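Peer 1: Below, each chain spelled out in residue letters.
2 protein chains.
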Amino acid sequence: MWFITPMRTILLIAAAALLIGAAPAKKLLTPNDIVAAAPASAWKTIPADDLMVMDLANGGRVVVQLAPAFAPVHVANIKALARGKYWDGATVYRVQDNYVAQWGLNESDKPWPSGVTAKPPAEYTRAVGGLAITPLGSPDPYAPGAGFADGWPVAYNAREGWADLTHCYGSVGVGRDLSPDTGTGGELYAVIGHGPRQLDRNIAVVGRVIDGIDKLSTLPRGTEALGFYKDKAQFVPIASIRIAADLPVGERPSYETMDTASASFAEYLKLRANRHDDFYIRPAGGVDLCNVQVPVRKKA
Amino acid sequence: MWFITPMRTILLIAAAALLIGAAPAKKLLTPNDIVAAAPASAWKTIPADDLMVMDLANGGRVVVQLAPAFAPVHVANIKALARGKYWDGATVYRVQDNYVAQWGLNESDKPWPSGVTAKPPAEYTRAVGGLAITPLGSPDPYAPGAGFADGWPVAYNAREGWADLTHCYGSVGVGRDLSPDTGTGGELYAVIGHGPRQLDRNIAVVGRVIDGIDKLSTLPRGTEALGFYKDKAQFVPIASIRIAADLPVGERPSYETMDTASASFAEYLKLRANRHDDFYIRPAGGVDLCNVQVPVRKKA
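Protein sequence lines correspond, in order, to chains A and B.
For the first sequence, the working numbering begins at 11 and goes up steadily by one.
For the second sequence, the working numbering begins at 11 and goes up steadily by one.
Just chain A, with the same shape it has in the complex (with noise of 0.2 Å):
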């Protein structure tokens, strides 16, 4: 029913109704399904610690939750970065269609407020041991292995032990120069296109947008060599950027991410892989891993 209008479908599915009489066929679940009927047990509350909120002087926001399990370092500096007001003035400068918005102070010498680690390690990956991976159960193109630890989609190498946050639509990662160069956390990007998973174990990636990336996929895509604005007029302001435990307790957002060993997100993922529902004529029989977006969702 994906891509029909919903004025049809109603008149499709009360026609099916009709056809169908007092015995209802079995109704096959989509992987949303699954999702609204998850029970509360399959729902982890993401700390408030680990919430950036961006507020757009337009008036959007976008909300990224933080993954301080995989790039302690660069995450421990965004919340220095947050708190120090380093943003203030900030601009999204970089709009590059399929691929990424980059938001930051661009070349300011601004100094960095107190906490922040000037160089961060090369936090591109982990170590594999210690997480609970739920596989993804089809091939990668990128890794031997591949699927999702406490929320978060990962590809690994168990024989060589590390695992790595993966480039999919959404993630956010850490602006650098040139190796040995990696990045503070100040110019940070979102992908707004195909998962560019080359990218993958060359950069911190240390969170994804939970919230409000239409704020940024919509933004004009820039004129310069990689998407960058031409003029500074075409700069989008940022009003502010603070974590959400240091907004007043009433102005504070708050989320919820489907646990990834839950019962729940085992049927979400199968069916995200064999779709057989209404539309659905020839299941795929697998799914590439930013194929499968998490569930999250708001609290009231």
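Bear in mind the hints are in silico, worked out from the structure with no lab data behind them.
This structure is a prediction, so every number in the text was calculated from the model and none was measured.
Just so you know, same-sequence chains aren't split out, so a pair can sit in one copy or run between any two.
Only pairs whose alpha carbons sit at most 30 Å apart, straight line, appear in this in silico DSS-like list of lysine-lysine:
1. Lys240 to Lys308
2. Lys95 to Lys129
3. Lys308 to Lys242
4. Lys120 to Lys240
5. Lys129 to Lys37
6. Lys37 to Lys240
7. Lys240 to Lys309
8. Lys37 to Lys309
9. Lys280 to Lys37
10. Lys240 to Lys95
Starting from the known structure of chain A, arrange chain B on it as the hints suggest.
Peer 2: Below, chain B without anything else, positioned relative to chain A:
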């Protein structure tokens, strides 16, 4: 160098040149370097009869390359619809983030122009025989094989004998109702997010956007279910949809696509899977099909 700003890049390159002195190191090529250096013989002009030119009323132009070798009846329909000016008065009426932008007449009872097959066959796959496929060289989660045929990304099953055009960023498909409906071609969508390959072999893919995808990807997202715009006032008017061959000679846009059987494309593909230029520390050693966009360029 993807994440650094132009000025800093220039300074770094200048510094590197100074360090290297009179014996410059061998430059590590990027995929774009291969495209820039490809000889004329590596390019094929796209026939003007296979270019669909959509002009939005706001001045934006979107150009679609049609794929008659994969969905001949649907593509013939699209040409007949354009030639019959069926889409005069059409709109973009649905934009779903990380999924599709969809356009057409949306529930109109407007009669089909002459030459339109009202119920095309399900052109969701074609025979793999007759296609010269350059293999991707990496595993594909959706099919036993994946690669490139005559400029198109394809998945295939040699044993079962089928191949299909895949849903990658920019792919254009035909909206349809529930099966057995196959869609006529009157309602079309373009992918504006991570390739939704679960749709492969479930819907007719008829081409891909080769220019102006940003005119669709930057549109506001619809707030109704599946990204439909809530109010007709939000619909984005289309001024005209024409086939390039029908435009006056001086007004025809012209494009060429890299020959996916060429040595240049083989090198491009290899580098897409193994980035080892300045920015990259760890080449992936693999790549997914949709992350290898076949190069296309405008002809003067």
